[in-house]
Amino acid sequence: MINSTAPFKSGRQSMAGQLSIDARNVSISTLKASKPSKAVYYVENADILGDNIDVDYTLNDDWKSTSLNLQALTRFIITNGLNDYCYDSSDHRGEHIQDSGTIEIGEYLAENLKPAVRAYLQSIKAGQYNFN
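In this note's numbering, each residue's number is its place in the sequence shown (first place is 1) plus 63.
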């Protein structure tokens, strides 16, 4: 049992800092946070087949397969700026140099399909984005 109290200058004790726990009556499951665990996605395979993307992925180690609409993924990428870039650097005199722009969507998908699909799946799970 843990007990701590701090006296006031008047000599009276304060109850504000008091903490009492009897560890014999507390189980580990009682101490766990009530917040649900975060969804963990891993995209194993993503293939563009016409207007759809066939995806094999895991959600918290549970294997799943789905088909996503290519147009919906493309809108998600553009709306959230996933294909935008910005590089900051400096030249030999210390002057700031900034290069920014947008990667063409076809090139972006060719190089970043799995991460884009993962971001899309996470946003759907969190309820932040909904295209049907």
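Heads up, a few of these hints could be off.
Unchecked claim - Taking lysine to any residue pairs in the SDA-like style, the calculated list, with each CA pair at most 25 Å apart, reads: (1) K188 to Y150; (2) K101 to D114; (3) K188 to N132; (4) K127 to I166; (5) K127 to D114; (6) K188 to C149.
Source of the hints: derived by calculation from the structure; they are not laboratory data.
Okay, the hints, checked on the actual structure:
Only pairs whose Cα atoms come within 25 Å are accepted, and K188 paired with Y150 is rejected, the gap being roughly 31 Å. With a C-alpha separation of about 30 Å, the suggested pairing of K101 with D114 is violated against the 25 Å cut-off. For the proposed pair K188 and N132, the alpha carbon gap of about 16 Å is at most 25 Å, so the pair holds. Our distance criterion of 25 Å between C-alpha atoms is broken by K127 and I166, whose separation comes to about 30 Å.
Between K127 and D114 the alpha-carbon distance is near 20 Å, which keeps this suggested pair within the 25 Å criterion. For the hint pairing K188 with C149, the CA-to-CA distance comes to about 28 Å; that exceeds 25 Å, so the pair is violated.
When held up to the earlier numbered hints, the structure conflicts with 1, 2, 4, 6 and fits the remainder.
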